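Those protein sequences? They're chains A and B, same order as listed. My numbering applies: residue 1 is where the first sequence begins, and numbers increase by one. My numbering applies: residue 276 is where the second sequence begins, and numbers increase by one.
Derived from the structure by calculation, the hints contain no laboratory data. Watch out, some of these pointers could steer you wrong.
[As the list claims (entries may be wrong)] If you only want the chain A side, here are some residues facing chain B, beta carbon under 10 Å, derived: (1) Met1; (2) Leu51; (3) His56; (4) Ala104; (5) Trp240; (6) Arg260.
[Said to hold, decoys possible] Per the computed footprint, the stretches of chain B lying under chain A, defined by three or more beta-carbons under 8 Å from a beta-carbon of chain A, are: (7) 286 to 294; (8) 362 to 373; (9) 410 to 418.
A quick note: this is a predicted structure, and the numbers were derived from the prediction, not measured. Even for Gly, the Cβ is constructed at its ideal location relative to N, Cα and C.
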Amino acid sequence: MKPARFDYLRAGTLAEAHATLAAEGEDARVLAGGQSLVPMLSMRMARPKVLIDIMHLPQLAKIESDVNTIHIGAGVRQAKLLAWPEIHERQPLLAAALPWVGHAQTRSRGTICGSVAHADPSAEIPLVLLALKGAIHLSSRQKQRRVSAIDFFTGMMSTARNDDELIEAVEAPCRAPGHGYAFREFGRRHGDFAIVACAAVAHADGVRLAIGGVADCPAVRDYPDLTGTALDDALDEFAWELDARDDLHATESFRRNLVRQLGRAAIEEARRCRA
Amino acid sequence: MPRMSADANHRIRFKLNGRMVEADAEPRMLLTDFLRYNLAMTGTHVGCEHGVCGACTIEIDGVPARACLTLAVQADGADIRTIEGLAPAPGRLSVLQEAFRRHHALQCGFCTAGILLSLECYLRDNPSPDEATLRDYLGGHLCRCTGYVTIIAAALDAAERLRDANKDA
Ligand code: FES
Ligand code: FES
Chain A
1 MKPARFDYLR AGTLAEAHAT LAAEGEDARV LAGGQSLVPM LSMRMARPKV LIDIMHLPQL
61 AKIESDVNTI HIGAGVRQAK LLAWPEIHER QPLLAAALPW VGHAQTRSRG TICGSVAHAD
121 PSAEIPLVLL ALKGAIHLSS RQKQRRVSAI DFFTGMMSTA RNDDELIEAV EAPCRAPGHG
181 YAFREFGRRH GDFAIVACAA VAHADGVRLA IGGVADCPAV RDYPDLTGTA LDDALDEFAW
241 ELDARDDLHA TESFRRNLVR QLGRAAIEEA RRCRA
Chain B
276 MPRMSADANH RIRFKLNGRM VEADAEPRML LTDFLRYNLA MTGTHVGCEH GVCGACTIEI
336 DGVPARACLT LAVQADGADI RTIEGLAPAP GRLSVLQEAF RRHHALQCGF CTAGILLSLE
396 CYLRDNPSPD EATLRDYLGG HLCRCTGYVT IIAAALDAAE RLRDANKDA
């Protein structure tokens with residue numbers, strides 16, 4: 001498996017990256033940590049004419065936070081965010097999900113924004129952004145825009161990014177008072193792609209549950225404070241709505257069952273964490 | 276750095292096991308192939324070539340990384356360590372390598388270079404690992420021979436010896 005030919009540009013400025021994206025459109029791909037893109041190139045599922053390496057732009061390699069939000073730049077590697085001393089305090093859901101992203105040996109190179117750009121249906125970071133009502137900051141030569149996570153992930157590995165845009169950062173809200181967070185995942189082996197992953201956020205009025213790994217892109221529901229069989233029914237309905245499919249790794253009914261079980265476990269843990 | 280054209284060869288330079296090396300590569304060349312074919316450093320093995328098996332794991336700028344998920348052009352200017360750089364001197368093994376030998380932590384050896392590099396990085400940052408975290412960490416590697424038990428035993432043993440050595444130092 002060898003990639004087809006492409007040019008390589010190590011961007012020295014953001015303007016250079018933008019100009020190349022504007023000129024080449026869909027023939028250009030942004031290269032960050034490469035942990036999703038390089039296998040796509042090797043398998044020739046992606047055949048860009050030019051790769052724009054953005055890892056030598058120091059302004060993109062920053063984690064910035066105030067009391068309300070965390071901004072994670074396009075150059076921030078997953079391992080760096082996981083090792084950030086404030087991560088548990090600032091956003092426990094990100095801290096809980098990050099150890100599930102790939103393996104230590106891929107988190108060392110893979111970036112947060114790269115995972116968002118790739119938008120694999122079973123990826124943890126898009127799921128968490130959806131659960132948290134996070135947002136994606138896009139920029140092109142012409143303009144900047146902020147797209148909420150719910151509008152960004154549009155299908156199987158497809159997003160609202162335009163061909164001339166790059167993801168400059170993603171934004172996640174910080175832990176909110178009175179909120180509880182929990183993450184659950186099932187895979188065949190730790191670090192493998194999730195068969196089902198869930199992220200739950202519990203708050204005073206109810207709970208928000210996001211599920212990944214089942215449908216083409218992560219899905220989210222908001223529930224009032226349900227308990228007992230009402231919660232079971234709601235989860236069952238969610239599981240059926242997700243359009244699960246059989247594949248090599250799991251049957252559709254197994255996936256639905258994981259949604260019910262893991263969904264409930266995540267919701268209960270998130271509620272406990274509120275207290 | 277100017278745009279590197281797809282059809283041309285470009286000079287790539289990086290530090291490999293403490294020494295500057297250089298050779299030419301097209302932009303599409305994977306670092307695994309660059310190491311093995313262009314630099315004749317065949318200690319780094321290639322299993323799956325898409326990031327799953329861990330056989331190609333090397334150290335890039337102080338962290339473990341998949342060489343098969345890295346382009347040679349990305350590595351330009353980096354500081355890289357491969358299995359060839361582990362032994363302190365010809366005929367002598369590192370503490371971790373020695374522990375692998377004592378515990379029979381390898382059979383065919385295909386996975387071993389990657390696992391050694393990964394564990395070298397890990398033990399440097401975590402001198403007192405427990406078995407559970409080691410197992411989790413080694414989830415990033417496949418070994419079809421050993422069943423992993425001996426690999427974990429070797430890693431724990433090496434960690435202890437390295438701690439003792441540091442105490443004495
Ligand atoms: S060859 Fe690189 S991970 Fe398998
Ligand atoms: S020793 Fe043969 S694959 Fe690990």
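Do the hints match the structure? See the list:
1. At a threshold of 10 Å, the smallest CB-CB gap from Met1 of chain A to chain B is about 5 Å, leaving the interface hint in force.
2. Evaluation of the Leu51 of chain A hint against chain B yields a held restraint, the C-beta minimum of about 7 Å falling below 10 Å.
3. This hint holds: His56 of chain A has a C-beta 8 Å from the nearest C-beta of chain B, less than the 10 Å allowed.
4. Here the hint on Ala104 of chain A is kept, as its CB sits about 5 Å from the closest CB of chain B, short of 10 Å.
5. Given the 10 Å rule on beta carbons, the hint for Trp240 of chain A is violated: about 32 Å separates it from the nearest Cβ of chain B.
6. Restraint check, Arg260 of chain A versus chain B: the minimum CB separation of about 26 Å is more than 10 Å; hint violated.
7. Figure legend: the stretch 286 to 294 of chain B, annotated as covered by chain A; annotation inconsistent (0 residues with Cβ-Cβ distances under 8 Å, at least 3 required).
8. Check on the stretch 362 to 373 of chain B: 0 of its residues sit with their Cβ under 8 Å from a Cβ of chain A, so the three-residue criterion for coverage is violated.
9. Counting residues of the stretch 410 to 418 of chain B whose beta carbon lies closer than 8 Å to any beta carbon of chain A gives 5, which meets the minimum of three for the stated coverage.
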